[in-house]
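Asker: Below, each chain spelled out in residue letters.
2 protein chains.
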Amino acid sequence: MFASPDILVLFAHLAIHRSKINRAMIDAISGLERVVFHDLLETYPDFYIDIEREQALLRRAAFIVFQHPIYWYGAPAIFKHWQDVVLTRGFAYGEGGTALQGKQFALAVSTGGLPDTYRADGIHRYPLEVFLRPFEQMAHFCGMRYLPPLVLQGGHDLPEAVIAAHARRFRQWLEDYRPGKATGAHKE
Amino acid sequence: MFASPDILVLFAHLAIHRSKINRAMIDAISGLERVVFHDLLETYPDFYIDIEREQALLRRAAFIVFQHPIYWYGAPAIFKHWQDVVLTRGFAYGEGGTALQGKQFALAVSTGGLPDTYRADGIHRYPLEVFLRPFEQMAHFCGMRYLPPLVLQGGHDLPEAVIAAHARRFRQWLEDYRPGKATGAHKE
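Chains as they are written, first to last, in our numbering: chain A, -17 to 170; chain B, -17 to 170.
Quick caveat, the hints were computed from the structure, so don't treat them as lab data.
Quantities reported herein were computed from a predicted structural model and do not represent experimental measurements.
Glycine included, each C-beta is placed from N, C-alpha and C at the ideal position.
One should not assume that every hint holds.
[To be verified] Heads up, simulated SDA-like pairs for lysine to any residue below, C-alpha to C-alpha not over 25 Å straight-line: (1) K2(A) - P141(B); (2) K2(A) - Y75(B); (3) K2(B) - A146(B); (4) K2(A) - A146(B); (5) K2(A) - K2(B); (6) K2(B) - W155(A); (7) K2(A) - W155(A).
[Claimed, not checked] Beta-carbon label-pair distances, calculated as ranges: (8) E34(B) - Q37(A): 46 to 52 Å; (9) H138(B) - H122(A): 18 to 24 Å; (10) G95(B) - G78(A): 16 to 22 Å.
[Said to hold, decoys possible] Computed footprint of chain B on chain A; a stretch qualifies when at least three of its residues, placed anywhere within it, have a C-beta under 8 Å from a C-beta of chain B: (11) -3 to 11; (12) 46 to 56; (13) 141 to 154.
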């Protein structure tokens, strides 16, 4: 049905052997022909990112996903370094920087804290989406459409069944993606 | 007047040779006896951070400053990695994690865009402080007092005199710091 992979999942985790959630998510999407799964820390453990390779992967994708746990209100550092060195002027923005225009972008993230810790009277004091503004605006600045994130919260203590259901939802979310259209998870 | 350095300035820049602003700021504070200046990327170019060393520096400081340019709505990646590996449970938060309690924290940052690009009708769409929420909340979560950032905006095209004045202001801001009190730049 799809001639070539059109979904790029960029992933990073500092201790994947300890992550039930991300492991289950990765297993759930393995074998999907539309998906290119790319583990940034496995590929670039010393942070020396191959910029041309990354830009080529981005050009081929229509839907770009950052999959990672939330640490300190953001992504693992390799994502920030990837942004800083791959999303260059003339590629992602500025004169001639149209490579990402019209693509879609979303986060697939997990948090240790439960949803009610992300509110004014919770220990994290702000809704999760507040901490995701830098990603939202990155997408917007590059001319991409920012789709609502796929989120699983409370990762420290979730039943297996909840994790399994989330992994299936992740797979479905990617399978439902249609170029130029929002995915099923997108409510606007 | 001060028995030992009590201000820790953590710094990172991806191309310091091209930064007039940060170069001027660094020159302005060199020689201040209260200040420990620590270039994270120079110290850890491969991102292998010495956690014990960093935690020891933090323990000795009363005022902790992140000095960096804003790229993609945040700090250079080394800061995020530093947060993820240095600010551990049992040190910075959680049971027994009281090492940073009562200290003060602030950002000293510069942006390429002018202030009017950071608003709803500007290209960056949100006030700068929105993008700084992850740092504000990091400080709060560790029991530190988050002071308003020292900011210089429009870095791509600022007159020398403006940069020099900002560098002096940075020096004064650090010199004015008193333990347990807000600095002069702090308006509440």
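Asker: Against each hint, give a clear statement of whether it holds in the structure.
Answerer: Structure-based check of all given hints:
Of the pairs offered as hints, the one joining K2(A) and P141(B) is violated, with about 53 Å between alpha carbons and a cut-off of 25 Å exceeded. Simply put, K2(A) and Y75(B) have alpha-carbon atoms about 23 Å apart, close enough for the 25 Å limit, and the pair holds. Between K2(B) and A146(B) the alpha-carbon distance is near 9 Å, which keeps this suggested pair within the 25 Å criterion. For the suggested pair K2(A) and A146(B), the alpha carbons sit about 52 Å apart, so the restraint of at most 25 Å is broken.
With a C-alpha separation of about 46 Å, the suggested pair K2(A) and K2(B) falls outside the 25 Å cut-off, and the hint is violated. Straight-line distance between C-alpha atoms of K2(B) and W155(A) comes to about 46 Å, which puts the hinted pair past the 25 Å bound. Distance hint between K2(A) and W155(A) is fulfilled; the C-alpha atoms sit about 19 Å from each other, no more than 25 Å. E34(B) and Q37(A) have their C-beta atoms about 38 Å apart, which leaves the hinted 46 to 52 Å range violated.
At about 20 Å, the beta-carbon gap between H138(B) and H122(A) stays in the expected band of 18 to 24 Å. Checking the proposed 16 to 22 Å range against G95(B) and G78(A) shows it holds: the Cβ atoms sit about 19 Å from each other. With 0 residues having a beta carbon nearer than 8 Å to a beta carbon of chain B, the region -3 to 11 of chain A misses the requirement of three or more and the stated coverage is violated. Counting residues of the region 46 to 56 of chain A whose CB lies closer than 8 Å to any CB of chain B gives 4, which reaches the minimum of 3, so the coverage claim holds.
Counting residues of the region 141 to 154 of chain A whose beta carbon lies closer than 8 Å to any beta carbon of chain B gives 0, which falls below the threshold of three, so the coverage claim is violated.
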